[in-house]
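Asker: Heads up: the sequence shown runs through residues 1 to 267, numbered per the UniProt record's numbering.
Because the hints were derived from the structure by calculation, they are not lab data. Everything numeric in this text was worked out from a predicted model, so none of it was measured. A few of these clues could be false.
Stated by the list, open to error - Derived Cβ-Cβ restraints for the label pairs, each shown as a range:
{"hint": "1", "residue 1": "Gly-70", "residue 2": "Pro-149", "range": "20 to 28 Å"}
{"hint": "2", "residue 1": "Arg-7", "residue 2": "Trp-45", "range": "19 to 27 Å"}
{"hint": "3", "residue 1": "Ala-170", "residue 2": "Met-1", "range": "16 to 24 Å"}
{"hint": "4", "residue 1": "Ala-255", "residue 2": "Pro-162", "range": "20 to 28 Å"}
{"hint": "5", "residue 1": "Ser-83", "residue 2": "Pro-162", "range": "31 to 39 Å"}
Where a beta carbon is used, it is the ideal one built from N, C-alpha and C, also for glycine.
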Amino acid sequence: MIESTDRTVAGSLGELAVREWKPAEPAWIALIAHGYGEHSGRYEWVAERLAGARALVCAPDHIGHGRSPGDRVHFEDAEVLVSDLDVVRRELAAEHPDLPIVLIGHSMGGMLAARYAQHHPGKLSALVLSGPVLGTWHVLDLLEHDEIPDTPIDPATLSRDPQVGADYLADPLVWHGPFRRATLRAVDECLLAINEGPSLELPTLWIHGEDDELVPEADTRTGIDRVRGGDFHEHIYPGARHELFNETNRTEVVADVLNFVGRALNS
Numbered sequence: 001m002i003e004s005t006d007r008t009v010a011g012s013l014g015e016l017a018v019r020e021w022k023p024a025e026p027a028w029i030a031l032i033a034h035g036y037g038e039h040s041g042r043y044e045w046v047a048e049r050l051a052g053a054r055a056l057v058c059a060p061d062h063i064g065h066g067r068s069p070g071d072r073v074h075f076e077d078a079e080v081l082v083s084d085l086d087v088v089r090r091e092l093a094a095e096h097p098d099l100p101i102v103l104i105g106h107s108m109g110g111m112l113a114a115r116y117a118q119h120h121p122g123k124l125s126a127l128v129l130s131g132p133v134l135g136t137w138h139v140l141d142l143l144e145h146d147e148i149p150d151t152p153i154d155p156a157t158l159s160r161d162p163q164v165g166a167d168y169l170a171d172p173l174v175w176h177g178p179f180r181r182a183t184l185r186a187v188d189e190c191l192l193a194i195n196e197g198p199s200l201e202l203p204t205l206w207i208h209g210e211d212d213e214l215v216p217e218a219d220t221r222t223g224i225d226r227v228r229g230g231d232f233h234e235h236i237y238p239g240a241r242h243e244l245f246n247e248t249n250r251t252e253v254v255a256d257v258l259n260f261v262g263r264a265l266n267s
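Given the sequences, and given the hints that come with them, work out the whole structure.
Answerer: Next comes the structure, spelled out in structure tokens:
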């Protein structure tokens with residue numbers, strides 16, 4: 001088992017808390033962008049598997065999330081979070097200039113990862129989008145209310161493994177409150193920008209759960225169809241819910257990701 005270490009990185013709005021898993025002889029870098037309301041510590045299992053495949057894994061907590069500063073789950077411009085990912089990427093590239101970098105984004109982090117790839121097409125060797133918020137997202141319908149209803153994420157939508165939902169509810173670093181209006185507006189603006197932006201012209205893997213109720217596959221596909229490039233691959237998992245890296249078939253999912261990365265880095 002490879003234990004994580006902690007570091008901080010100077011983000012746009014404050015010091016970002018970052019977890020890192022480093023094997024003895026890394027061959028590539030996996031930069032993980034986590035989802036809305038959660039934090040990098042929930043990626044321990046997948047990070048250990050990636051590190052076992054010689055990845056130096058780096059996972060920052062977005063501003064307002066986890067151990068990073070800021071009002072909880074509040075941001076007014078998603079581009080700030082995208083810029084923070086670039087700060088982390090630049091530090092990693094300076095420390096390990098010979099290692100290719102793969103950006104792995106989950107859910108809202110998938111949205112940020114797609115936007116990052118649009119902004120910095122030459123900085124990444126590959127992109128992995130896990131249950132990404134792209135295209136349209138039904139949660140944005142909450143903006144129609146004068147007051148945002150207190151409708152936190154249902155833990156049952158995360159995985160077929162009930163322990164995942166139980167751990168999520170018990171995690172003090174996870175946000176369990178209502179969505180923030182400013183954050184939803186920022187997500188909406190980011191989705192529109194992605195839809196109008198360039199295609200993803202780098203090796204890209206999209207993975208999604210067929211039974212994902214939190215971020216339905218059909219909604220994401222409307223965005224994917226706008227930005228897919230020439231080296232695009234997808235895998236939709238029957239019966240799987242939102243958090244594929246915490247699903248009952250997570251070993252299969254990670255194997256598929258590693259196979260894709262291996263092909264992308266050796267092409």
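Asker: Now, for every hint given, state plainly whether the structure supports it.
Answerer: Outcome of the hint check:
no.	hint	verdict
1	Gly-70 / Pro-149: 20 to 28 Å	holds (23 Å)
2	Arg-7 / Trp-45: 19 to 27 Å	holds (21 Å)
3	Ala-170 / Met-1: 16 to 24 Å	holds (22 Å)
4	Ala-255 / Pro-162: 20 to 28 Å	holds (24 Å)
5	Ser-83 / Pro-162: 31 to 39 Å	holds (38 Å)
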